[in-house]
Amino acid sequence: MVVVIPDEPFGRLGAVLSALIVAISLIGLTVHKDFYAGSRRKDFFCFYTNVSNLLVLLYFALLSPRLYGSSRLRPFIPHAEFSLMMSIMLTFMVFHHLLSPAIYREMKSAPRDREFAIVFADNLIIHYLVPWLVLAYWLFCSPGKRTLGVADALLWTLVPLGYLGCIFLSAPFRGNIENTDSPYPYPFLNVRRLGVRRVTAVCALLYGACAVAGLVAVALTQLFFARFGGGHALILI
Numbered sequence: 006m007v008v009v010i011p012d013e014p015f016g017r018l019g020a021v022l023s024a025l026i027v028a029i030s031l032i033g034l035t036v037h038k039d040f041y042a043g044s045r046r047k048d049f050f051c052f053y054t055n056v057s058n059l060l061v062l063l064y065f066a067l068l069s070p071r072l073y074g075s076s077r078l079r080p081f082i083p084h085a086e087f088s089l090m091m092s093i094m095l096t097f098m099v100f101h102h103l104l105s106p107a108i109y110r111e112m113k114s115a116p117r118d119r120e121f122a123i124v125f126a127d128n129l130i131i132h133y134l135v136p137w138l139v140l141a142y143w144l145f146c147s148p149g150k151r152t153l154g155v156a157d158a159l160l161w162t163l164v165p166l167g168y169l170g171c172i173f174l175s176a177p178f179r180g181n182i183e184n185t186d187s188p189y190p191y192p193f194l195n196v197r198r199l200g201v202r203r204v205t206a207v208c209a210l211l212y213g214a215c216a217v218a219g220l221v222a223v224a225l226t227q228l229f230f231a232r233f234g235g236g237h238a239l240i241l242i
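Under my numbering, residues 6 to 242 are what the sequence shown spells out, in order.
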């Protein structure tokens with residue numbers, strides 16, 4: 006069943022979710038940086054997880070109030086919030102499907118001490134809780150969904166593309182990431198081990214998946230509005 010929520014609840018619910026997202030993302034980034042930093046980590050923002058969580062924090066803490074407070078900037082809100090939602094959901098998808106199996110295999114044999122609890126809670130916050138809170142905000146509160154189009158489905162991919170560009174350009178000059186033997190933050194980006202051709206194929210496949218996901222999200226949104234009409238927030242339940 007699809008529930009289409011009218012405009013009135015948007016302000017109150019949006020304010021609550023925005024404040025919660027700011028608080029949770031700030032806690033997650035702070036714990037992630039401070040706990041893993043035995044020394045000052047220069048490679049902290051080499052990881053897409055940290056970049057996407059920082060974008061979420063900056064948007065809801067700084068940019069969102071400016072956009073909503075300006076009638077001239079308000080038309081940009083649907084496009085910005087769709088891109089933000091897709092960008093942070095990519096964090097969840099990549100971690101959950103590509104990285105978490107190996108991480109949780111290691112954690113099974115780890116002692117159940119304070120360090121284990123912090124690592125578990127930290128992964129839960131930045132890879133699961135923040136993405137799903139942003140998705141909830143977009144579903145229930147983000148206005149102007151009917152204005153989304155094909156351009157939005159592809160525009161958001163500039164975020165992971167820009168991230169990949171920075172990683173590949175800086176890797177030869179940055180040196181190995183702390184506690185690793187590679188300048189690349191993720192195994193599937195390791196050009197030294199996999200080779201240029203294989204990494205290019207992986208990146209092309211990931212980009213294709215991102216583009217398709219964007220197109221599907223926009224198409225479903227338009228379909229739901231065409232079928233169920235007014236309101237600016239919707240969720241499939």
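To be clear, the hints were calculated from the coordinates, so they are not data collected in a lab. Treat the hints with caution; some may be incorrect.
As the list claims (entries may be wrong) - List time: in silico EDC-like cross-link candidates among lysine to aspartate or glutamate, alpha-carbon distance up to 16 Å:
{"no.": "1", "residue 1": "38", "residue 2": "120"}
{"no.": "2", "residue 1": "38", "residue 2": "183"}
{"no.": "3", "residue 1": "38", "residue 2": "186"}
{"no.": "4", "residue 1": "38", "residue 2": "48"}
{"no.": "5", "residue 1": "38", "residue 2": "118"}
Hint check:
no. : hint       : verdict
1   : 38 <-> 120 : holds (14 Å)
2   : 38 <-> 183 : holds (13 Å)
3   : 38 <-> 186 : violated (20 Å)
4   : 38 <-> 48  : holds (10 Å)
5   : 38 <-> 118 : violated (19 Å)
Comparing the model with each numbered hint stated earlier shows that hints 3, 5 do not hold.
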